[in-house]
Amino acid sequence: MKVPSSRNKRYLSGADWCIAALSQGTAETTGRRCVFQIALFLEGAPDLDRLAAAFKTYCDRFPLLWGGPARCWCLAPYWKSPAAADAGRPIHIGRGTLPEGATQADVVRQIEALTNRHAAKRGWRTALDFLQVGASECVLVFSFDHNLFDAVGAETFINLYFRHANGEAGDAEFPPARQTASAQLDQWSQKFKSGQKINRMMRRLAEGATSWLALPHDARQRPFRFRTVTFSAEESRQIQTRAFAVAGYLMFTPYVLATAAAVFRPLFSKREEPDAHFVVSVSTDKPKSAVRNTHLFFNDLSFLYFRFPVEAAADRNALAGIVRDQLMSQAKEGAPAAIEDANLLMRIFPARAYWKFLMLFYRNRLASFGFTCLGESAVRVPAVLGCRVRDQIHFPVIPTPPGIGLILSRSGGVYHAVLSYIEGILTEEEAARLMASFRARLLEEPAGRSC
Amino acid sequence: MLKLRAHVAMLIGTGSEQVATDRPLHLLGLDSMGFVDLLVFIEKQFDLSLMSSGLAQDDFASLEVLTQRIVQTAQT
Chain L
1 MKVPSSRNKR YLSGADWCIA ALSQGTAETT GRRCVFQIAL FLEGAPDLDR LAAAFKTYCD
61 RFPLLWGGPA RCWCLAPYWK SPAAADAGRP IHIGRGTLPE GATQADVVRQ IEALTNRHAA
121 KRGWRTALDF LQVGASECVL VFSFDHNLFD AVGAETFINL YFRHANGEAG DAEFPPARQT
181 ASAQLDQWSQ KFKSGQKINR MMRRLAEGAT SWLALPHDAR QRPFRFRTVT FSAEESRQIQ
241 TRAFAVAGYL MFTPYVLATA AAVFRPLFSK REEPDAHFVV SVSTDKPKSA VRNTHLFFND
301 LSFLYFRFPV EAAADRNALA GIVRDQLMSQ AKEGAPAAIE DANLLMRIFP ARAYWKFLML
361 FYRNRLASFG FTCLGESAVR VPAVLGCRVR DQIHFPVIPT PPGIGLILSR SGGVYHAVLS
421 YIEGILTEEE AARLMASFRA RLLEEPAGRS C
Chain G
1 MLKLRAHVAM LIGTGSEQVA TDRPLHLLGL DSMGFVDLLV FIEKQFDLSL MSSGLAQDDF
61 ASLEVLTQRI VQTAQT
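Here the protein sequences come in this chain order: L and G.
For the first sequence, the numbering used here assigns the number 1 to the initial residue and increments by one for each residue that follows.
For the second sequence, the numbering used here assigns the number 1 to the initial residue and increments by one for each residue that follows.
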């Protein structure tokens, strides 16, 4: 069968369409879309005019930044790109300042404000804001539309931009200006079978009550908030050692997810049915391939779901064992590939209808919280215009519901954890306690081994 | 060993010849999802129930050690 494809349009994948549906639902609930920020902390005071000019010339090489979703005659959604950058709609480049000695918490408040401002706007795909902190530090806050970028793609995009700003990037390093992909309109029976498999899996997961934190009734008026926890290089090494001790060869993700579940659980128990189980949705980067080095745009993600019964709630080792078993069984069943196939099928629905379907299916409780664990950052450029890149943190808007999630990222071997939530779902004190407890549990000497 | 090496190379985004066979797998850049992917690949490729055979962290000390473990499991 001839599969429709075109050099003029980039057909969206199942993961792209799932993100589009989640973003649409979040917009309906909160008035804001699924966007994310990556903050890069630079030492010193770089030449911001040069950086801004370089960002403009860099973005001009990718006309798809001025594009948007459209639907083909064959019903497959695609990304419609103009032939060239739209000079009438410049990419946003903003500037702000903070006094010398401003803390990371001050910077995070500024990033929150940027997140809420950008997420409420439509029609943009990337933006850059400079926050100059006295003369000693400059924070580059990149904003990304999740419809066009996943976390690793965005890091790769930043890495290439830094090389471009430094005058190090040759033309051969740039991916083609026009992106193409097959519409994947073949193997329908395989896709239907995958859909059935995912349906059964989801029904198992959704059996009984799913614990969740009720969204505030005035969610559209509430900002998204972040609470960060950073670890030193030594602490990051300790966490890895503890992850090995508790989760064995499966290492980091099961350890951190089990720790998060153990720490989050008491908060949920206080608010909701105490016997409800936990469901955690986990988005993961697909295993990296050689192609990944040129992957800048669109979503290359897998989704996994974990269900924690109430009786295992407090015991991290037991939780890590549950993660291991469910991780293995989902991998063996080919769940990530089946989810992608099922999402390909769901592309026949508009994003809004797909969202409504998900809400109906899960009785408005998609998950208790979201979780993402990123590998080492793809930003490898050590300095930009002579200023050392000191650190990097991800700040995502979590789809709402659940409206609360945890993301772990790693840069230069150092871990950062960010709790992202919509105000009103948690108090500031609860968020602070949660993250302090999460930090303490991650660094705690493990009691034994589960895997 | 060649198949394992090629699969690990695919997972970490490098060429087979650059995958050291005497280094711990996590130091090669394999993360949790990579380990799971590798285990599923081994089970399917060699028709083994490796995961239920009491795997230990030491079995992942290197690709050479993992290969020995696969051979042992296949023989029992």
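Worth flagging that the hints you see were computed from the coordinates, not collected in a lab.
Beta carbons: idealized from backbone N, C-alpha and C, even for Gly.
Hints are not guaranteed to be accurate.
[Said to hold, decoys possible] Residues from chain L that keep clear of chain G, each with C-beta distances beyond 10 Å, as calculated:
| id | residue |
| --- | --- |
| 1 | 248 |
| 2 | 284 |
| 3 | 307 |
| 4 | 332 |
| 5 | 363 |
| 6 | 375 |
[What the hints assert, rightly or not] Calculated cross-link-like contacts (lysine-lysine; reagent style DSSO-like; alpha-carbon spacing at most 27 Å):
| id | chain 1 | residue 1 | chain 2 | residue 2 |
| --- | --- | --- | --- | --- |
| 7 | L | 193 | G | 44 |
| 8 | G | 3 | L | 332 |
| 9 | L | 356 | G | 3 |
| 10 | L | 56 | G | 3 |
| 11 | L | 332 | L | 197 |
How the hints compare with the structure:
no.: 1; hint: 248; result: violated (5 Å)
no.: 2; hint: 284; result: violated (5 Å)
no.: 3; hint: 307; result: holds (17 Å)
no.: 4; hint: 332; result: violated (6 Å)
no.: 5; hint: 363; result: holds (29 Å)
no.: 6; hint: 375; result: violated (5 Å)
no.: 7; hint: L/193 <-> G/44; result: holds (20 Å)
no.: 8; hint: G/3 <-> L/332; result: holds (19 Å)
no.: 9; hint: L/356 <-> G/3; result: violated (44 Å)
no.: 10; hint: L/56 <-> G/3; result: violated (45 Å)
no.: 11; hint: L/332 <-> L/197; result: holds (13 Å)
Checked against the numbered hints listed earlier, the structure breaks hints 1, 2, 4, 6, 9, 10; every other hint is satisfied.
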